[in-house]
Amino acid sequence: MPEPVLSIRDLTVEFGTEDGVVRAVTGVSYDLYPGEVLGIVGESGSGKSVSMLSVLGLIPQPPGRIVEGTANFEGEDLLKMPKGKLRDVRGGKVSMIFQDPMTSLNPVLTIGDQISEAIKAHRPGTNDNAANSRTVELLEMVGVPFAERRVQQYPHEFSGGMRQRAMIAMAIANDPTILVADEPTTALDVTIQAQIVEVLKAAQRETHAATVLITHDLGLIAELADRVVVMYAGRVVELADVFTIFNAPRHPYTVGLMKSLARLDADQEWLEPIPGQPPSLITPPPGCAFHPRCAQSQGREICRTELPELRPSSDGGDHLSACHFADELTVTHVRVAAGAGG
Amino acid sequence: MSEAVASTQSMGSLNGDEILRVEGLVKHFPIKAGVLKHTVGQVRAVDGVDLAVRRGETLGVVGESGCGKTTLGRTIIKLTEPTAGKIVFDEQDITTYKRRQMRPVRRDIQIVFQDPYASLNPRMTVREIVAEPLRIHGLYRGGEGRRRVEELLRTVGLSPEHGNRFPHEFSGGQRQRIGVARALALNPKMMVLDEPVSALDVSIQAQVVNLLAQLQNEFGLTFLFIAHDLSVVRHVSDRVAVMYLGKIMEVGTREQIYGRPMHPYTQALLSAVPIDSPDQRGKRTRIVLEGDVPSPANPPSGCRFRTRCWKAQEICAQEEPALIPRAGGDHPVACHFAEVMKPLDLVESVAAPQAS
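As you go down the protein sequences, you meet chains V and Y in turn. For the first sequence, this note's numbering assigns the number 1 to the initial residue and increments by one for each residue that follows. For the second sequence, this note's numbering assigns the number 1001 to the initial residue and increments by one for each residue that follows.
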């Protein structure tokens, strides 16, 4: 295994709110390897975005507070890095694509100016002409038609899909080592989603950037990710390669998530939802946070009293699960991919 | 082809057990500009829709944002007045009904909105919210009304104690249950469900979808289920209508639409959805449409889909294809070049999963 480009260890992040302290992320550790697509999947409030954004210095502090943890990137801890230096890392070696390009693009600057600016900011000495032709080249690469003309347009003159392409162009402008895509297709229609997925694949091929794909969409994960981190209530509950996660998960939450999905390619009599509601992050349940909704716990005491550690499951060191009874889960618990119509 | 002929042919499979029929339904919104607010154009949100819904069935309406599906739902129950066309609900032509005439109709046809945060009054307790339709219709009487509200809360999986709380104390899924309880209060025959689960997390979506199915069984409800999520629509629908730019492109049974789609737009939609199985990577036909949905203020001539369609020929720009059965198929499809294609079939066979 090569050295990871990013190593997050024991990350804990809190937010102060009127109702109390919200533990958005608790004791999260994962590695990102060169060239891979790491999917981080979870429902709202699972901490999937916060875990990454806090590492990049993108959560407001206060109300946010990084309680502990390290995030090792090229020999340095991002969490201890001075603000100015971290700003240079962002948009340079680490770049981001967000869900809503309208809020992340500057409405009063042309698309071309914004991308050129991003290039010049990280490559001092680049002249305007060079930056401009690189901008056009990037926009062409992500499939913006008439790029040469459209660099002069403003974000509101772009459709949602085109804006997302422009965001991707900006994100890959400086050949990033790490590309973070936070719900990159969520706001888009399905036919536009399909276009953006293709652009993302191309961008990844082009830059070989290690990519973090944060999403609630299991379909997107199935399509793009190499390895998957599953988060629930601020913690990592399972980590494995994408085939293992879908075909042989070893955490009851992952199993529940798969079972609750409606399928496009098969008829189902009933869906199997996860019962109950997601837990409060101010007063999370004792022991395993998933136990009140868990089909596997069956009221066993240890689930209420003891926090299960994220540890290798019986099927090998690369498959981690945070469940006391991970080994009870077998392939038969899962809706194994049966193919179309099956 | 005249609209009347098209509509009889396309709806030919339905008969007397239909609860709702719309014919040539049109809803245009004026675009105003200038100080004097001149009308400079029309957004043709719904632009000639024929539909029939059978008693007790779920008709799914799918399409991307801006296709007019939400406007269709709102116009059918007359939350907005139709520009043209005819709406027949339960054998009454309600097209020109005024507010007062609509009142008894509203008992029978209710709507559940997408956003459970915006559609519940934050200052009312859950009990008041669920009781409100009963009060408006003069059906809330003392202890009996109270018992009815408690029964409704239990029906949707909440406890009567929840009645004293306010909407903000509930999660998204629970709020949607409250919205469903309110819609059920008057024992409606039909419900228009406008993206009822799309704001919810997947594990909660499944709870609400199952609740709706259970209520449909229990009370014999008819659903018009409007959504953009093709997987959820497959799961809930008996029949499905696919909309694009204010028109229906294809309508058929679940099996016809998902198993044997004939319209290029339906095929592209189905092929675009990422399927939650990494084993299927690269084993499905992926049709990536070019460009964006054109503006509904200025739809393309002829077939509205032609600007993004890989099959488009000259005739597509000149002649609007009627929604009729074509090419030996048995369901209506509005395409000159309709042809079965199965985007959900795998391109090569998938190895049987390892059962270890």
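Do not rely on the hints blindly, as some may be mistaken.
As the list claims (entries may be wrong) - Which residues of chain V face chain Y? A partial, calculated answer using Cβ under 7 Å:
(1) Glu43
(2) Leu53
(3) Leu56
(4) Gly161
(5) Glu198
(6) Ala202
(7) Ala222
(8) Ser260
(9) Arg263
(10) Gln277
(11) Ser280
(12) Ile282
Simulated from the structure, these hints should not be mistaken for lab results. From the three backbone atoms N, C-alpha and C, an ideal C-beta is built for every residue, glycine too.
These are the hints, each one checked on the structure:
{"no.": "1", "hint": "Glu43", "result": "holds (4 Å)"}
{"no.": "2", "hint": "Leu53", "result": "violated (20 Å)"}
{"no.": "3", "hint": "Leu56", "result": "violated (25 Å)"}
{"no.": "4", "hint": "Gly161", "result": "holds (6 Å)"}
{"no.": "5", "hint": "Glu198", "result": "holds (6 Å)"}
{"no.": "6", "hint": "Ala202", "result": "violated (12 Å)"}
{"no.": "7", "hint": "Ala222", "result": "holds (5 Å)"}
{"no.": "8", "hint": "Ser260", "result": "holds (4 Å)"}
{"no.": "9", "hint": "Arg263", "result": "holds (6 Å)"}
{"no.": "10", "hint": "Gln277", "result": "holds (5 Å)"}
{"no.": "11", "hint": "Ser280", "result": "violated (10 Å)"}
{"no.": "12", "hint": "Ile282", "result": "violated (14 Å)"}
In this structure, the earlier hints numbered 2, 3, 6, 11 and 12 are contradicted, and the remaining ones agree with it.
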